[in-house]
Every structure is written in structure tokens, then in C-alpha cells.
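Engineer: Protein sequences, first through last, are from chains D and P.
Here the first sequence stands for residues 1062 to 1281, numbered as in this note's numbering.
Here the second sequence stands for residues 32 to 241, numbered as in this note's numbering.
If you're looking for bench data, these hints aren't it; they were derived computationally from the structure.
Using N, Cα and C, we set each Cβ at its ideal position, and we do this for glycine too.
Hints are supplied without guarantee of correctness; some may be wrong.
[What the hints assert, rightly or not] As a list, the in silico DSSO-like pairs of lysine-lysine whose alpha-carbon atoms are at most 30 Å apart:
#: 1; chain 1: P; residue 1: Lys66; chain 2: D; residue 2: Lys1183
#: 2; chain 1: P; residue 1: Lys189; chain 2: D; residue 2: Lys1094
#: 3; chain 1: D; residue 1: Lys1242; chain 2: D; residue 2: Lys1206
#: 4; chain 1: P; residue 1: Lys190; chain 2: D; residue 2: Lys1254
#: 5; chain 1: P; residue 1: Lys66; chain 2: D; residue 2: Lys1254
[Said to hold, decoys possible] Okay, the calculated bits of chain D under chain P, using three or more residues with CB under 8 Å as the criterion:
#: 6; region: 1070 to 1084
#: 7; region: 1091 to 1098
#: 8; region: 1262 to 1274
[What the hints assert, rightly or not] Residues of chain P placed beyond 10 Å of chain D at every Cβ, according to the derived structure:
#: 9; residue: Asp100
#: 10; residue: Leu108
#: 11; residue: Gly214
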Amino acid sequence: MNGPHDLGGMHGLGPINPEAEKEEPLFHAEWEKRALGLTLTTGFLGQWNIDISRHARERQHPIDYLSNSYYENWMAGVEKLLVETGLATQEEIETGKMQQPVPQDIQDKRVGPDQVAAILDKGGPCDFPTDQSQTFQIGDRVRVKMMNPTGHTRAPRYVRGHVGEIVEYFGSFIYPDENSKGNKVADHLYNVKFDGKDIWGPDGDVEIHVDLWRPYLEKM
Amino acid sequence: MGQKEHKHHHGHDHTEPPKDPALRVKALESLLVEKGLVDPAAIDEIVEIYETKVGPRNGAKVIAKAWTDAEFKDWLLDDATAAIASLGYTGRQGEHMKIVENTDDIHNVVVCTLCSCYPWTVLGLPPVWYKSAPYRARVVSDPKSVLAEFGTELPAGKKIKVWDSTSEMRFLVMPQRPEGTDGWTEEQLEELVSRNSMIGVEEALNPGEV
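All chains, please: the whole structure from these sequences, using the hints.
Structural biologist: And the structure:
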């Protein structure tokens, strides 16, 4: 979707004002620790995947997305997912008080402290085979399709319609546009090189590399 | 104007003061604990891991080893996921790794314009600025101005490559080994590998800067 999250090339956002690396705390408030933990522990329940989760954050109103801090966006995403999966109602979230319990089989998925390290260590690899043909080879000139899907996609607006060159083939990886709808399918993933001048004009003195899936691309 | 017209279509009024995030998160945690979905001790454990075990010192060890061990460096450039796993750094947000090497001609910078993708296994949790809208917006279109905000000025003619993390591949920059470090041990070199140099907004520290 053409949402507020798709930021490449946007103007007017002001300076970055980075904190000096050595002075920057890992968390800037206690609640940020809980927000991180809630995002991960609710994810461990297996009721949604990473693309569904990303899409929940993207679907916020642009004013909210851009005025929230990042952990506030994470919380907004978790709240939305809890309501959409029926694990909580909006009223329960507003009040912090339970009105109806969740099914025992979902409660049984709750992760305890002794399981955390192993889960984080294991991670979740996202490459697996596909029946789709590979279509493109390293060195091919490709155009990113001109498209405006209303659902989740990982083809940023700033490269759509532009021509680049395939410089690496990574294999076949879970395809976010479908994964965000709960369909676990894989497709071929490439790294595509773009000349910044093609995208931004004569001042675009940069080489940009974007990972793009086969369905986003057409051969020149 | 009726109540309805005061509201935006997404269900709340932006003139209301935003809810204090600390209270909102506290309410959510207590609800999820009551529902049997979240164990607060598991959250404590997650925080402990990212505060004490998984952070940019992991990445610094990877880079310092590559600077001193040519065979390891070749492996890292060829199969970063396996080479990094050999040092014990595996897992969430580091399942698929790629190293991009800075040279005399090329400087690499990493971003995620669409969200906040970042190599957690080797760098830990991303800093606030990495997730910020201005960084994500500008580093792909005007990277020089972004580097300038970090005090980084590259030699004229050096090409900047920006890596937008749109897939589950995670990128780590290998900065150039600083001058004047001949004969340094891996442990000494690690001190020069800042987190920001592995994202690409700065170069590695010089011996005098530690």
C-alpha cells in the first residue's frame, strides 16, 4: 500500500539529530522495554507472521504513523492484531481489564522465560522452494512494474517504474505480498541495482540496491 | 458540527491528547497477563538478552576477525550467514546475512526505508535514528547530507552504495581497516569497530579516537 511507512525520497522531515553512539541508551524509557517484549511474546503465540505484523503498523492513519515513536507504532500494531484475531476487544485494551478469556489452546502457546533464549537463537529462516521458474539471471536489465497494490508489498514506491540490473540471486524466499494475507508461498528474490540519477535526476549521486521478488519485475 | 464530523475516519480525534504510552503499555501488559497470553518474566528475559548479550560487540568481533584472517574474510563475503554462525551469532533478524565491503572506491550504507529491518544478531536493537522517518526518507536520495549529520565526509569520487533492506536479507557493512593498526590483535581492533561504522554512516574509528 502507498502508506506513510514507504518513506524513501520524502522531503520535509527535518534533521535526523542522531544521538552520539556512546551516549545513547538502548531504551529511552522503561515502557519501551515492555513494548519490545510484548511485541515479541505476542508474536510467539503464532497467531500472525512478520508481514501481517508489518502491515498492521502500516495500516495506521498516516498522521498517527508519522507522529508516533517507533515503539508506539509497534504497540499500535500489536493492539490492532489482538483485536483482529479476536484475542482481545478494543474495550479490553482501553481498560486493561479482561472481559472474556481466550481459548486454552492459545494460552498453552504462552512462552516462559526459560524458552526465550532458544526461540531467539533459532530465529525463523524464510527461504524454501517454489515451483515458479527463476525467470531472471544476474546481469538482466529489469523494470519494476508500475503498480499500486493496496495490500502489503515490499516494492518501495521510489523504484516502481524504474529500470535496474539484477546483481545477485538469493534463492526463493517467502513472498511478503501473500504472506501478509496468511498465504505461505515463496518466490525468487533478487538484489537489483539502480542508478540514483535514473530515480532522482541529475543530483542522484548514489547507487541504490533493493531486494525485489520476481513478481515485482519485468524483463527489459 | 456534530460529534461525528469532529472525528477522522479512523475513529479518533487528533485534538485529544495522545494517551501516555507508559500507561497504554502497562494496561496492555496487565490485560495479556490476565488472559494467560504473556509471562512478564519472559519479557524480562528478552530485555536482558538484548541489554547484555546481543549487541554491536558481536558485529565488531566479526569485522575484527575478517580484518586479521583472510580466509575468514573470504568466507564472510561468500557466505556471511554461515561465517557469522561459526562465531555463535545466529537467530532472530540475522537468519540471512550479507556483508558489504567498503573499499578505497566504495562506501556502503544500510537502511530499511519501509520499516526498521536491521541485523539484530550482530548489532542488537536498532538505534532511534535508524528507525526515524528523516533517516529512512533521505539516505536513499541524498546520502551525503545524511553522512554529514554524522560528521562523515568521504573523499571526493568515492561511490556511495545504499542497501535498502526490503527483504529478510540483513546487511552488515565491513568498514575499511584504519591506518596505523599493523600488528594489532583482534581484541584491539574490535575497539575500533563502532556500531555506526557497521551501518555505514561513519567509518571505523582511528587509533587515536578510542
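Engineer: Hint by hint, note whether the structure agrees.
Structural biologist: Results for each hint:
1. A C-alpha spacing of about 27 Å is found between lysine 66 of chain P and lysine 1183 of chain D, which places the hinted pair at or below 30 Å, so the restraint holds.
2. At most 30 Å may separate the alpha-carbon atoms for a hinted pair to count; lysine 189 of chain P and lysine 1094 of chain D exceed this at roughly 40 Å.
3. As the CA atoms of lysine 1242 of chain D and lysine 1206 of chain D are separated by approximately 21 Å, the hinted pair is consistent with the 30 Å bound.
4. The straight-line distance between the Cα atoms of lysine 190 of chain P and lysine 1254 of chain D is roughly 13 Å, inside the 30 Å bound, and the hint therefore holds.
5. The hinted pair formed by lysine 66 of chain P and lysine 1254 of chain D fails the criterion: a straight-line CA distance of about 48 Å is larger than 30 Å.
6. Given a C-beta distance limit of less than 8 Å, the hint that chain P covers the region 1070 to 1084 of chain D holds, as 11 residues qualify and 3 suffice.
7. Under the rule that three or more residues need a Cβ within less than 8 Å of chain P, the assignment of the region 1091 to 1098 of chain D holds, with 7 such residues.
8. Counting residues of the region 1262 to 1274 of chain D whose beta-carbon sits less than 8 Å from any beta-carbon of chain P gives 11, enough to reach three: the coverage restraint holds.
9. Every C-beta of chain D lies more than 10 Å from that of aspartate 100 of chain P, the closest at about 24 Å, which supports listing it as non-interface.
10. The Cβ of leucine 108 of chain P lies farther than 10 Å from every Cβ of chain D, with a closest approach of about 12 Å, so its non-interface assignment holds.
11. The beta carbon of glycine 214 of chain P is kept farther than 10 Å from every beta carbon of chain D, the shortest such distance being approximately 26 Å.
Checked against the numbered hints given earlier, the structure breaks hints 2, 5 and satisfies all the rest.
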